[in-house]
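Each protein sequence line maps, in turn, to chains X and H.
For the first sequence, the working numbering begins at 10 and goes up steadily by one.
For the second sequence, the working numbering begins at 1033 and goes up steadily by one.
Derived from the structure by calculation, the hints contain no laboratory data.
This structure is a prediction, so every number in the text was calculated from the model and none was measured.
Hints may be right or wrong, so weigh each one.
[Unchecked claim] Derived coverage of chain X by chain H (criterion: at least 3 residues anywhere in the stretch with Cβ under 8 Å from a Cβ of chain H; other residues may be distant): (1) 87–101; (2) 108–115; (3) 150–163; (4) 228–237; (5) 240–254.
[What the hints assert, rightly or not] Part of the chain X face toward chain H, derived, beta carbon under 8 Å: (6) Ala105; (7) Leu120; (8) Val288; (9) Met294.
[What the hints assert, rightly or not] Chain H regions said to be covered by chain X (calculated; three or more residues, Cβ under 8 Å): (10) 1197–1206; (11) 1372–1383.
C-beta atoms are modelled at their ideal positions from N, C-alpha and C, and glycine is treated no differently.
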Amino acid sequence: MDQVVVVAAIASGIRFAMPILFAALGETVSEKAGVLNVGIEGIMLIGAFLAVLISVQTGSPWVGLLAAIAGGIALGLLHGWMVVVLKVDQIVSGIALVVLGAGLSGFGYRLALDGGAVRVPGFRQLDLGLLSHLPVVGPVLFSQHFLAYVGIALAFALGFMLRRTGLGLTIRAVGETPEAAAAAGIEIDRVRLCCAAFGGSLAGIGGAFLSTAQLAGFVENMVSGRGFIALACVVFSRWRPVGALFAALAFGIADAAQVRMQALYPDIPYQAFIILPFVIALLAMTMPGGAARGPAQLGRPFRRG
Amino acid sequence: MDGRALNDSTQASAGHTSTARRLSPEARAAILTLVGGALALAGLILLAGESPARVLTLMLREGFLTLNGLGAAATRAIPLCLIALGLAASFRAGIYNIGADGQLAVGTAVAVACAGSVAGLPFGTGIALLLIAAMLGGAAWGAVAGLLKVRFGANEIVTTIMLNYIAANVIGWLVRGPIQEPMRMFPRTARLPEILRLPILFEGTRISAGLIVALLAVVILWFLLTRTRYGFSLAVMGLNSSAARFSGLSRGRLTGGVLALSGAMAGLAGIVEVLGLHGRLQEGFAPGFGITAITVALLARLNPLLIPVAALGLGGLYVGSAAVARDTAVPFPLVSIIEAAVIFGFLLISVLRRKA
Chain X
10 MDQVVVVAAI ASGIRFAMPI LFAALGETVS EKAGVLNVGI EGIMLIGAFL AVLISVQTGS
70 PWVGLLAAIA GGIALGLLHG WMVVVLKVDQ IVSGIALVVL GAGLSGFGYR LALDGGAVRV
130 PGFRQLDLGL LSHLPVVGPV LFSQHFLAYV GIALAFALGF MLRRTGLGLT IRAVGETPEA
190 AAAAGIEIDR VRLCCAAFGG SLAGIGGAFL STAQLAGFVE NMVSGRGFIA LACVVFSRWR
250 PVGALFAALA FGIADAAQVR MQALYPDIPY QAFIILPFVI ALLAMTMPGG AARGPAQLGR
310 PFRRG
Chain H
1033 MDGRALNDST QASAGHTSTA RRLSPEARAA ILTLVGGALA LAGLILLAGE SPARVLTLML
1093 REGFLTLNGL GAAATRAIPL CLIALGLAAS FRAGIYNIGA DGQLAVGTAV AVACAGSVAG
1153 LPFGTGIALL LIAAMLGGAA WGAVAGLLKV RFGANEIVTT IMLNYIAANV IGWLVRGPIQ
1213 EPMRMFPRTA RLPEILRLPI LFEGTRISAG LIVALLAVVI LWFLLTRTRY GFSLAVMGLN
1273 SSAARFSGLS RGRLTGGVLA LSGAMAGLAG IVEVLGLHGR LQEGFAPGFG ITAITVALLA
1333 RLNPLLIPVA ALGLGGLYVG SAAVARDTAV PFPLVSIIEA AVIFGFLLIS VLRRKA
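Make the full structure from the sequences, and use the hints.
As structure tokens, then:
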């Protein structure tokens, strides 16, 4: 591959990384507070669908994005309601969320959008004038979608928030030692509900990015495993937002590269390239970070007692 | 994770009506959620411009109350039952295998690849060997997730899903390449010889002898899970992992073993579907069965004896939803929404059964 191809792969790799990044960042915050949500795949599907539906209806991708966030919060709160308030098994509730997201998005798609391709009003790419036209760094660093910069900034901001602020301390305490946090006057369940809703909102943004910025349109089950790759990113980054950024970038670039390699090596079955990100995810789980310990109370309900 | 919420199902719930007068706040919230969920489902159907009552009666009639519908439901229940039996074993142990689809695909592909070499054997022998081959293939694919979990601590939810996508693509390549039909028209293998097909049990339906395989499996898994030391060990691991350590059970061996076991059941389900229904391996021949089987296993409260009933229920739901999608404006993915509602309902009812 020559330089042009590599630069293009990295530039689109950053774009491909964003849905995974947003979902992984939200999940990191949620898991830090002790709420495991294996259903972000389903939330991303809802986000992807709502973003397309509402931006087509209103003509504005931003309103579509807001709808995706609202849908993400709703499903995040549903999960929070089940596992934080009613204290049911978090994994089973997450599995139900995957099925619910697939069902609702497919239902809505066939009801509202089926029967022909729709034109999705796209976001405009950021044009920073001269900067965007620089060789190599121009396309990679200065021609991304606006939301991509938001995602990258968010990774650093959340990393700072979790490690250095009172809010971060509260969230970590709720996930590690809820008894002590409760004794200090923190409302455990309220913090957990908020973090579950926040996780849902970011998964919704991830889905919206996928259907309106990375691709242009909704297809049933289009998230195709990205929600689960985001889960792997959270573990692999050891629950650190900036780590999640690099993990998501690795997957995004691998994904962008495999798409190009399909065209470059037509003699090799294309399926060998499609599975690349999934194989990488599996291999990543075998790295030392794969077995890192998460928040102590991850997945466990809190009961005052 | 915590298997308690799942395993408490086996406890008797006698007397929960007598406590109805003093419901805990959690139980009250659970009931409200159940009602809210039912209203939301009705709302979705109204949104599609149909009457919920009409859709419900149509679904029940077409899925369960006509001979054709019931036959189709039972046909679909066979693989769901087989997969769910294996998932019940792993969920009892607190191992969340959501990779049955991949295990089914790999097991079936292994068996179908062997079909040519066993076609010359007397009737029954070849079929038996293929069933074993599919179980071994599915077990191997499940064991990969087991190895990753035991050796590297990798979360099985993520690994089994990744293995699903890998398996789906490998099968997609196989049926377009090495094992594609000679005509090379569709992504599928050639039709298997008649001697390898499972016979149809009831004239006029598509219910094959796979039904017998499934019912035998129910008895075997019921015995294994509720009447043996092994089944007890799995339940102990699911209830409390630290107790399992002290009772001298190898957590690693149980984890790997139960993932292989549930993989084997998924592989068996796949080959029964091929030998009993389709007669060949084709792409997407068992769409989403692995996830639906999770619903079956949970609906049966992980009890092997209830799994065939739950499988018939989900089979009928599928057939009924297809009829609804055909005859009304309600789109087919309603079936997934109802499946999710069933899982949430299972969780909410477990809240009601909780001791105050």
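Right, here's what the structure says about each hint:
Counting residues of the segment 87–101 of chain X whose CB lies closer than 8 Å to any CB of chain H gives 10, which reaches the minimum of 3, so the coverage claim holds. With 7 residues having a Cβ less than 8 Å from any Cβ of chain H, the segment 108–115 of chain X passes the three-residue criterion, so the hint holds. Using a Cβ-Cβ cut-off of 8 Å, 0 residues of the segment 150–163 of chain X lie near chain H, which falls short of the minimum of three, so the contact claim is violated. Only when three residues or more bring their CB closer than 8 Å to a CB of chain H does the claim for the segment 228–237 of chain X stand; here the count is 4, and the claim holds.
Requiring three or more residues with a Cβ within less than 8 Å of a Cβ of chain H, the coverage given for the segment 240–254 of chain X holds, as 3 such residues are present. Against a cut-off of 8 Å between C-beta atoms, the interface hint on X:Ala105 holds, since the closest Cβ of chain H lies about 4 Å away. Proximity of X:Leu120 to chain H holds as hinted, the smallest CB-CB distance being about 6 Å (cut-off 8 Å). The beta carbon of X:Val288 comes within 7 Å of a beta carbon in chain H, closer than 8 Å, and the hint placing it at the interface holds.
For X:Met294, the suggested interface contact is upheld, since its CB lies about 4 Å from the closest CB of chain H, less than 8 Å. By the rule of at least three residues with a Cβ nearer than 8 Å to a Cβ of chain X, the coverage given for the segment 1197–1206 of chain H holds, with 6 such residues. Judged by the Cβ-Cβ criterion of 8 Å, the segment 1372–1383 of chain H is covered by chain X as claimed, because 9 of its residues qualify and three suffice.
Going through the hint list in order, the structure does not satisfy hint 3, though it satisfies all others.
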